[in-house]
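Engineer: Residue numbers (the numbering used here), protein chains in the order written: chain V, -8 to 264; chain B, 146 to 576.
Hint data in this document are derived by calculation from the structure and do not stem from the laboratory. Backbone N, C-alpha and C fix where the C-beta goes; we use that ideal spot for every residue, glycine too. Hints are not guaranteed to be accurate.
[Stated by the list, open to error] So the derived list for chain B, only partly shown, Cβ under 8 angstroms to chain V, looks like this:
hint, residue
1, I384
2, I392
3, G395
4, F396
5, L402
6, N414
7, A419
8, I423
9, P451
10, F455
11, I458
12, F515
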Amino acid sequence: MRIARIPAAALVALAGLGMVLPGAARAEEAANGHGSEIEAQDWSFAPPLGSFNQAQLQRGYRVYKEICANCHSMRFLSYRNLGELGGPHFSPKAIETLAAQVQVTDGPDDKGQMFQRPGRAADPFRSPFANDQAARAANNGALPPDLSVIAKAREGGPDYIYALLTGYRKPPAGFDLTQGMQYNTAFPGHQIAMPNPLVDGVVPYTDGTKPTVDNYAKDVSAFLMWAAEPKLEERHKLGARVMIFLLVFAVIMYLSKRAVWARLHRRDHAHNA
Amino acid sequence: MAHPSTYQPASGIEKWLDTRLPIPRVMHDQFMVIPTPRNLNYWWTFGGILAFMLAVQMMTGIVLAMHFVPTPEGAFDSVEKIMRDVNWGWLLRYAHAVGASMFFLAVYIHSFRGLYYGSYKAPREVLWILGVVILLLMIATAFMGYSLVWGQMSFWAVTVITNLFSSLDSLIPGLGTTLVEWIWGGFSVGGPTLNRLYALHYLFPFVIAGIVILHIWALHVAGSNNPTGVEVKTEKDTIPFHPYYSIKDGFALVMFLLLFAALLFYAPNLLGHADNYIPANPLQTPPHIVPEWYFLPFYAILRAIPNKLFGVIGLLGSIGVLVFIPWLDTSRIRSTRYRPIYKWFFWLFVITCLGLGYLGSQAPEGWYLFFGRLATFYYFAFFLLVMPIVGLIERPKKLPGSITQSVLGPEPSRAAEPPPASQEPVREGVA
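One chain only, chain B, in its complex shape (with noise of 0.2 angstroms):
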C-alpha cells in the first residue's frame, strides 16, 4: 500500500547510501512496515511459499546444471552420475524434482486462494494478470525441466507435446509441420531439441523471477486482499508486516517444509513414473503416456476434445480464460464468503479440477471420456456462465462494516470511538 515513508538511516553507510540507492530505505518500507489487513488467514501464507520455492528451483538448478551434460547421448548418463558421484548430488536431484511437485501444490494453492477471495477484482487485475503470466512460465519450465532427464516420458512427452503445433496444418496446411520442425531443429525431437530446451529451461526461472518482482510491487500499489474482501478503510484494519506476518508465513513454511522433506527423503519417486528411469527410446511408444501430476488436468482438457486443434485451443483456453476473470465476474463483492449462491459453484469447480486431474491420468475412453468432457464443459462454463451470471442474479449476504468489526466485531463503544485517522498507528514490534 502507498504509504509515507518511515525510515530512518541509522548509521552513516545507511545516510550514505539513503541518498544513492536507497535500498534500505524499500526493504524498511515494503518488506518491514508494510500495513498489511490484520485479518489474513494461513491461506495468505503460499505467496511468500512460492517465493521460497523460486529460490530453492533457481538454487538446486544451477548446481544441476553444473553436472547436466544436454546430448541425447549424455542427459541420461549425466543424470545418473549427478545421483551416484556428485557430492550430495541425490540430495540435489530430489530436491529438484520433488520440489517442482511442491511449487505446483503452493501456486494452485494460491491460485485457488486468489479465486475464492476474488483477489483479482479492481484494483488487483494487473496483480492477477501477472500471477497468471507466472504460472503459464511456470508451466513451460516445469515441462522443458521433465524433459532434460531424457527418460522414455520425457522424450516421448516432448513428442506429444510439440507435435500439438502440428494441428496448425488443418488451417493453413503446411504451416504446423513447418513450425515443429523449426521447434524440433530437425525432422523428429533429437540432440538440438534437447539443447534448446535445456537453454530455456535455464532463462525462463530468471524471467519468473523478473514478473514476481512486478507481481509483488503490483501487491504493493494495491494492498492485500483479505477474507472479507472488504478494503482497508482506516489504520486500525492494518499491522505491519513484520513481525505479525513475518513469523505467520515463517511458522506456515516450516509447516510446508515438513512435507517437502517427507516426500524428498522416504518417497521420492512417489511422484514421478518408472518409466521414466528407461533411457529415451525413439523406436519404442511406453504404453501409457502420461505427464506429470500437476499437468493432468490440463491433459485431459486436451484429450476431451475430439478435434486436435480444438483440443489444442482448449488447452491454451484453459490458462487463457483466467486472464479474463476480473471482467467475467460482474460481482459487486470480493470474498465467496460472503456469496450464497456462488460459493456452491465454486466448490464443484474445485472437484471439477481435481476430478480433471484423475480424468488426466486414465486412458480417455469409455466413462473417463464421457466425464472429461462434462468436466471440461463446466470448467469453462464456471468462467464463462456461472461468472458473469451469478454475480448479477446474487443477493450477497452482509458484509462487515470494516475488516477491524470482523475480527473484532461490532463494537457499539468501536463505533463511538473518534475517527481513527486521529489515532496513534500501530507501531509496535516494528525494529
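This is chain V alone, in the form it adopts within the complex (with noise of 0.2 angstroms):
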C-alpha cells in the first residue's frame, strides 16, 4: 500500500478556511483605511456564531428613532421588520404602535385627493426631509445619508460607526477647522459636518441599561447592522449546517476516494508481485 497523501486540494481548502475564519469577525466589518483610530469592539453578532441580541437592537432602534431619524433617513426599512425574529423583535401591538405614532400621506381617494393618515406596519420608515435638496436645505448644504446598509456602506462597519459616535473631541492645536464642522477621530479628514449626536441620558432605557452614550453607540450600530443584514442570524444558522454537512460529507467522500483506488492499487500490487 502507497503512504496516503494530503491532497493539494485539501490544502489549499483548508488553508482558506483558516484564513477565513479567524478574520471573519472583523470581515464584514474589514480594517479601516483612512489612517483613522477604529477599534474592533466585541459584538454579539461576529461570526461564526453570533447573533444579535434582541434587548440591544430595542434600546438601539430607540436610539435611532430619538435621535438619527430627525435627519437619516431609512427608506430600506419598514415598520414590519421590527418584528421579524432575528432582529428587534418588537410585539405586534408593539409595532402597530410605533407606526401610529406618525403620519402617512396616502392617496388619490375618490375624489382623486391626497390625504394623511397615522402610519401601519406595512409603511416603510417616514423619511425627515421630502427629498434630497430639502435635507440639504436643513443640513447646512450636507446631506445626511440613508442608514439602511450603512454599516456594509462604510470600511469597518459597525466599528466604524460606534467609533464615530464616540469619536468627537476638541480639534487638536493648529487643525484647521471649517466653520461649522466638527472634529472627529474617526471620520475620514477629520471634519464632519454632523454635530454630535449623543449625551449622556438624552435617552431614557427602561431596561437597567446604563444612558450613556458609550452604550447608545454601541447599541444604534448594532441595530444599524440589523439593518443593513437583517437575514445575519439566519445565514449564520444555516453556515453551520453546511459545515458540518460538507465536513462530514468530505469526509466519506475521502474514504469512498482511497477505496475506489485502493482497487487500482491492488492490482499494480499484484502485477509486481
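Dock chain one against chain two, each of which comes alone in its own frame, and use the hints as you go.
Structural biologist: Below, the structure written as C-alpha cells:
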C-alpha cells in the first residue's frame, strides 16, 4: 500500500478556511483605510456563531428613532421589519403603536385627493425630509446619508459607526477646522458636518442599561448592523448546518476515493509480485 | 480520447433511443469509460469544479434576474429587496457574488495548471485557445454582472472601463468618442447602458456554456494531458474516468465547497468593496476606484503603461498573448516538472501575477508604480522572451518511459512483459 498523501485540493481548502475563520469577525467590518482610529469591538453577532442581542436592538432602535431619524432616512426598512425574528422582534401590538405615531400621506382617494392617515406596519420608515434638496437645505448643505445599509457601506462597519459616534473631540492645536464642522477622530479627514448627536441621558432606557453615550453608540451600531443585514442570524445558523454537512460529506468522499483507488493499487501490487 | 464504443444498450428504450439520438451512448463513452491517464493529480480536479461553478452561477443568476430591475432608479433598490423580501434572496445573491470569486479562483488555478504542465502544446492548441476564449468571456460577464448592482463602484468601474475606448481618439480623432457613446447609448453611463449590460450579462453565460462543450470535445479528442507530459502509450497508462476520477473530482469539489460555504455564510462581503453599498451617484467620484480582486492584475498592467492607448493595448494583450503560447513555447517537452531552468521562470511568473494583483489595489504612484512597471515587463517577457529562448537552450531532465513507469517505477519485470496491446483492458469498476 502507498502512503496516503494529503491532497492539494484539501490543502488549498484548509488554508482558505484558516484564513477566513479567524478573520471573519473582522471581515464584515473590515479594517478601515483612512488612517483613522477605529477599534474592533466585541459584537454579539460576530461570525461564525454570533446572533443579535434582541434587547440591544430594541434599545438601538429607540436611539435611532429619538436621535438619528431626525435627519437620516432608512428607506429600505418598514415598521413590520421590527417584528422579525433575528431582529428587534417587537410584538405586533408594539409595532402597530410605533407605526401609528407617524402620519403618512396616502391616496389619491375617490375624489382624487391625497390624505393623511396614521402609519401601518407595512409602511416604510418615514423619511425626515421630502427629498435630498430639502435635507441639504436643513443641514447646512450636507446630505445626511440613508442609514439602511450604512453598516455595510463604510469600511469598518459597526466598529466604524461606534468609533464615529464616540469620536467627537476638541480639534488638536493647529488643526484647521472649517466653520460649522466638527472634529471627529474616526471620520475620514476628521472634519464632519454632523454635530455630536449623543449626550448622556438624552434617551431614557427602561431595561436598566445605563443611558450613557457609550451604550447609545454601541446599541445603535448593532441596530444599524441588523438593518443592513437582517438575515445575518439565519445566515449563521444555516452556515453551521452546511459546514457540518460538508465536513461529513468530505470525510465520506475521501474514504470512498481511497476505497475505489485501492482496487487500482491492489492490481498494481499483484502485477509487481 | 478516440476509442471504440463499449456501450451496450440494456433496456428496450435505450435500444430504441440508441438508433435515433444516442445520448446514453455518448454519456457512457465520454463520461464513464473514457480512458484517462492514471496519474492525474488534484490540480486536474478544477475542470470539473469549473463546470459546477458555471452551473451555480447560471442557476442563481436566473432566479436573481426574475427579481432584478435593470433601471438606474430600480437596480440598487431591487438588489436590496432581493436581500430582504425575496425568499432565500440573501442566499441566492451572496452565492452569486461569492460564486463569481470562487469561479475566478478556480479558473486561475486551472489556467496555471495548464501552463505548468504544458497542456497547451500539440495536439491541444485548440483546446487551450478555447480556454482563453472562455476566460475572456468570463471576464466580460463578471464585469457586466458587477455593474448591475449599480452601486458607486459599479457605476464608476463601468465609466472607467468603457472610457478606455476613447483612447482610440488618438488614432483617428472622434473614433473613440463615437464608439464610447455608441456603447453607452447616450452621452454618459446611464439607463440605456445598464439595460444593455443586463441583456449581455444574461446572454454571455450561455455562450460560455457552448464553448465549454467545444472545450470538452477538444479535450476528448486529444485526451487529458498529465503531470509527466508523456502521452498515453498503452491502455495500461489509463484508467476509466468513472469511478476513479468521478470520485476524485467529487472529493475535490466538496473541499472546494467548504471554502465557498465559509465565505458565503461567514464573510460574504469580505471580497467586495464597501463603496458598492452606496447607490450610484454620477456627480460624486469615489476616492479610489478599484475593481474586484480577480481583475486587479490586469488593472495594474493598464495603469503601469503611461500612454492611455498603449495601456489599453497592454490590457487586451495580457489576455491576447495567451492565445499564442502553444507556438511561443519552443520546448520539446511539456511538463515543467522536467524543465530545470524554466521552472524558476515559471514560479517567478506566478509571483509576478500575485504581485500585480497587490499592486492593482494600490494607488499607482512612487514605488508601487515602479514595481507595477517591472512586473508588467516581466509578465510579457515571460511569454515573449522566456518561453521561446529557454525552450531552445534548456536541457530537460530525463522523462519517464511511460505514465505507468512514472507511477510504479521502472520495473525490469514490467519491461519483460508481453506487449500491453494484447493485455486485458482495464474494466474494473465500470458499471
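Engineer: Tell me if the interface restraint on I423(B) is satisfied: Cβ within less than 8 angstroms of some Cβ in chain V.
Structural biologist: Where the cut-off is 8 angstroms and the nearest Cβ of chain V is about 5 angstroms from I423(B), the hint holds.
Engineer: Should the interface hint for F396(B) be scored as holding, given a Cβ-Cβ cut-off of 8 angstroms against chain V?
Structural biologist: F396(B) check passes; min Cβ-Cβ to chain V is 4 angstroms, inside 8 angstroms.
Engineer: Using the nearest Cβ pair, does I458(B) come within less than 8 angstroms of chain V?
Structural biologist: This hint is violated: I458(B) lies away from chain V, its Cβ roughly 32 angstroms from the closest one there, beyond 8 angstroms.
Engineer: So, L402(B) near chain V? Judge it on the closest CB pair being under 8 angstroms.
Structural biologist: holds (6 angstroms)
Engineer: Let's test the interface hint: is any C-beta of chain V closer than 8 angstroms to that of P451(B)?
Structural biologist: Violated. Min distance 26 angstroms.
Engineer: Less than 8 angstroms between beta-carbons is the criterion; does A419(B) satisfy it with respect to chain V?
Structural biologist: Holds. Min distance 5 angstroms.
Engineer: For the hint on F515(B), just tell me whether its beta-carbon gets within less than 8 angstroms of chain V.
Structural biologist: Violated. Min distance 22 angstroms.
Engineer: Mind checking the CB of N414(B) against every CB in chain V and telling me if the closest is under 8 angstroms?
Structural biologist: holds (6 angstroms)
Engineer: At a threshold of 8 angstroms, is the proposed contact between I392(B) and chain V supported by beta-carbon distances?
Structural biologist: holds (5 angstroms)
Engineer: Closer than 8 angstroms between Cβ atoms is the bar; does I384(B) clear it against chain V? Give me holds or violated.
Structural biologist: holds (6 angstroms)
Engineer: Could you check if F455(B) really has its C-beta closer than 8 angstroms to a C-beta on chain V?
Structural biologist: Check failed: Cβ of F455(B) comes no nearer than 30 angstroms to chain V, outside 8 angstroms.
Engineer: Taking the closest Cβ pair, is G395(B) under 8 angstroms from chain V?
Structural biologist: holds (6 angstroms)
When held up to the earlier numbered hints, the structure conflicts with 9, 10, 11, 12 and fits the remainder.
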